[in-house]
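Model the full assembly from the supplied sequences, consistent with the hints where possible.
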Amino acid sequence: MITRELQNTLNEAYSDALKRRHEYLTLEHMLYAIVHEKTGADVIRNCGGDVTTIANELDKFLEEKLEKLPGAATFTPEQTATFERVVERAFLQAQSAGQNSIDSGNILAAMFQERRSHAVYVLEKAGISRLDVLNYISHGIAKDDDDSMGEQYADEANGQGTDHGEPGEGKMPADQLEAFCTDLLELAKNDRIDPLIGREAEVRRTIEVLARRRKNNPIYVGESGVGKTAIAEGLALKIHRGEVPNILKDCQVYALDLGALVAGSRYRGDFEKRLKAVIKALREKPGVILFIDEIHQLVRAGAVEGGSMDASNLLKPALAAGELRCIGSTTFDEFKKSFEKDKALSRRFQKIEIFEPTIGDTIKILQGLQKHYEDFHQVKYHQEAIIAAAELAAKHINERYLPDKAVDVIDEAGAAVKLSEDDRPHKEVTPLDIELIVSRMAKIPPKSVSGSDKEKLKNLDKELKSVIYGQNHAIDHLVHAIKLSRSGLGNPLKPVGSFLFSGPTGVGKTELAKQLARALGINFIRFDMSEYMEHHTVSRLIGAPPGYVGYDQGGQLTDAINKTPHAVLVLDEIEKAHPDLFNILLQVMDHASLTDNTGKKADFRNVILIMTTNAGARDMMGDAIGFKADDKNARPLTQAEIEKNRAEFERQRKKEEATGTISGKTSSGMGIGRGAIERTFAPEFRNRLDAWIAFNPLSFEDVERVTDKFINEVKEQLLEKEVVLEIDEPSRAWLAAHGYHRQYGARPMARLVKQKIREPLAEELLFGKLEHGGKVVVSVKDDDIELKCFEAVEPPVKKTESN
Amino acid sequence: MADWQQDQEGPGGGNTMLDPDTKKQVERPPLYKVLLHNDDFTTMEFVVMILVTVFHRDASSAEAIMLAVHRQGVGVAGVYTYEIAESKIKKVSQLAKSNGFPLRCTLEKE
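Protein chains in written order, with our numbering: chain A, 1 to 803; chain B, 1 to 110.
In case anyone wonders, no lab produced these hints; they're calculated from the structure. Some clues are possibly wrong.
[To be verified] Taking lysine-lysine and the DSSO-like style, the derived pairs with C-alpha atoms no more than 27 Å apart in a straight line are:
#	chain 1	residue 1	chain 2	residue 2
1	A	769	A	788
2	A	458	A	443
3	A	19	B	33
4	A	68	A	19
5	A	514	A	754
6	A	775	A	756
7	A	68	B	91
8	B	33	B	90
9	A	483	A	514
10	B	109	A	125
11	A	60	B	109
12	A	600	A	715
13	A	341	A	600
14	A	276	A	337
15	A	68	B	109
16	A	65	B	33
17	A	65	B	90
18	A	364	A	189
19	B	91	A	19
20	B	109	A	65
21	A	514	A	443
22	B	91	A	65
23	A	458	A	514
24	B	90	A	19
25	B	90	A	68
26	B	91	A	418
27	B	33	A	125
28	B	33	A	60
29	A	600	A	336
30	A	418	A	395
31	A	316	A	285
Laid out in structure tokens, this is it:
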């Protein structure tokens with residue numbers, strides 16, 4: 001029934017009495033033991049008592065007021081009747097409450113009925129009542145929670161509040177400040193404020209505003225994470241260190257805890273009462289600056305439906321009169337949404353905009369904080385790591401702001417290195433650690449964070465050419481434009497590049513964009529413009545106008561770019577888009593920015609804009625490379641035609657080699673396609689493009705390479721099934737010839753491979769000869785593909801064993 | 001507690017509630033005198049024995065207290081906290097009862 005802890009406590013009390021040579025074991029002995037025990041001390045503390053004071057007092061009492069047994073004879077301390085009663089009462093109470101065990105909390109509660117006991121006197125003197133103990137042991141309600149409620153409750157309960165003076169008078173004003181505010185100078189004194197680095201202009205402006213005679217209230221407006229709170233705290237630190245002009249030297253800075261003001265205000269008017277009390281306390285103390293973080297919460301806080309009284313209205317008189325100096329902070333969004341609407345309130349504040357620091361400033365800030373994080377994590381930060389943190393955070397972590405996100409990176413890197421198992425002698429955070437953390441935070445492959453852009457750029461064209469066939473001029477063009485932009489010679493206020501890819505279907509326009517994104521390690525965003533053919537759908541990209549459905553949702557395009565500013569943005573089949581869309585694109589290409597319906601700007605400066613179109617493709621299919629645009633193209637070519645095609649390509653290529661440029665081919669295509677492009681796109685649109693790149697129809701050789709690519713894909717897949725695919729030269733040629741179609745590019749090839757190879761094999765793989773692996777031989781018979789399947793000579797299991 | 005009663009019937013009528021913030025005056029609990037009362041049956045020796053064993057008096061002061069009981073009808077055996085006083089009285093009563101003496105032992109606020 002008794003917890004082990006209580007049993008120990010009772011034994012303690014007993015031996016204490018024995019040690020002191022007290023004839024009786026009294027409640028005081030018990031209480032003395034209880035306050036020295038964890039549970040007991042906990043109860044005492046949460047009921048508002050001070051354990052040490054109580055213990056000292058009891059000790060004094062036990063020493064002075066209780067007689068010691070004379071002599072040295074051994075004896076046994078006897079429990080007093082009171083003692084027995086208390087224990088018994090605790091038992092009874094626990095029993096009737098169905099409790100399984102009693103602990104010192106029960107004992108404490110039971111003690112209080114002994115009105116004449118000194119133990120109870122000591123407890124009550126410490127401000128602990130039976131109700132406090134009961135509240136805590138049964139509901140875990142600490143007394144502090146209860147206290148302010150009690151006070152407010154009492155004021156209200158008094159009914160005619162006027163009889164009892166002003167509300168909130170029950171407590172000393174200083175108490176109100178303590179209860180609902182944090183003393184920032186105190187924090188500064190205890191070294192709990194990180195130093196403020198840079199931001200001189202903002203601090204100077206703050207001090208100027210604070211030095212005004214009236215309306216001396218600055219308000220910081222800036223995105224979350226740019227360091228608004230840090231500036232306010234930094235000011236407190238400067239005041240503490242005396243690094244401020246004389247008028248601020250003796251100021252105190254309190255941070256208002258709105259949460260504490262609201263929490264536990266159960267009755268109508270509690271909140272106002274507390275705020276009023278805080279304001280009163282501040283008014284009485286000259287030279288106090290009140291810092292209200294998230295000040296927009298004051299607007300409409302505590303307001304009732306239809307009523308005009310809210311927290312901000314309580315503040316207004318004090319603010320206007322200059323009696324109260326207040327620093328607010330809020331974000332642009334909230335400032336606009338709620339704070340600015342209350343004109344009477346916002347005119348009393350002087351707006352100080354806090355902008356995101358530059359990468360350079362962020363590095364300085366990180367260097368300033370470096371020591372704090374080094375001490376905390378017990379690691380060292382390499383200088384390069386600090387720089388990398390700022391740069392990579394700025395580049396890869398989106399929708400958050402410097403310096404916050406960079407600080408997060410070094411903090412997390414520090415933690416990671418601290419936790420790492422390897423035994424580096426001096427744990428040092430290297431740029432590599434930073435890269436890993438950033439890739440983890442931004443959820444992108446580490447590869448794309450690491451490595452310099454330079455390396456990537458250098459091999460960019462080779463990499464692209466290895467996956468996209470026959471479009472070398474397009475790749476060259478694209479890579480040139482990107483290199484130009486990255487070299488710093490491009491226009492920094494424009495997107496990295498704006499390209500129009502034109503060409504027939506299936507030649508790799510979209511694929512090139514995709515591969516470009518992959519090679520550069522940046523995001524690939526694709527919008528299919530066939531979804532944006534109507535006038536009203538354009539608004540989906542930048543958000544619906546006010547009053548329309550979806551106004552609050554923002555635009556798809558602007559949101560996507562805000563989320564990943566470093567991206568390849570592909571607008572597929574741009575010619576299908578509604579003409580309004582071109583107007584939007586004009587400013588994207590010109591100024592690299594787009595404003596959505598809520599006024600938020602999306603930054604396109606790091607975007608590679610690629611638009612693809614089929615316009616002009618039909619023209620380009622024309623005779624430029626020597627074929628007649630006749631109906632032959634609509635059906636598979638005959639063998640004779642294939643031969644003719646080959647010869648024709650050969651001739652064409654020789655001609656190109658003779659003229660010395662590959663662009664001869666390009667320009668010839670473009671020349672023909674130009675008419676269509678010019679008809680489709682307005683001059684101002686074409687004018688803003690970095691380049692219009694015409695994709696060639698796939699040549700015969702390209703198609704052969706594509707054929708190989710597809711066949712290899714099938715081979716890979718079959719290998720997983722333990723099936724070996726053998727294909728002879730004639731079949732390859734047959735596939736190339738029949739899968740090639742000038743108008744459709746490489747896509748018919750995929751269809752042909754599917755139809756001729758994959759589909760027949762499916763049956764065999766599932767139920768036929770190839771069920772347990774085997775071999776397929778592909779050959780040509782009667783101008784068609786023939787598949788011969790052979791069962792595996794040995795079951796594949798054995799085969800692997802013999803291997 | 002009396003305050004509480006009054007408050008309930010205060011100016012606000014039945015709904016008026018206690019103002020828990022009123023500083024409760026905590027009073028130090030008094031000490032109590034343990035008194036031995038004279039009677040015509042308890043022997044002087046027994047009273048002295050009680051004073052020595054229960055109240056830890058030395059022989060001479062036990063004698064003096066016993067005589068005070070005898071002459072003035074009542075004598076102070078000692079001053080204790082309520083808790084201890086109560087326990088001592090209980091012990092004295094038990095001892096007296098088992099020895100067949102009607103010795104009365106009470107306590108009084110000092």
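Worksheet item: Which numbered conditions among the earlier hints are violated in the structure presented, ordered from lowest to highest?
Response: 12, 26
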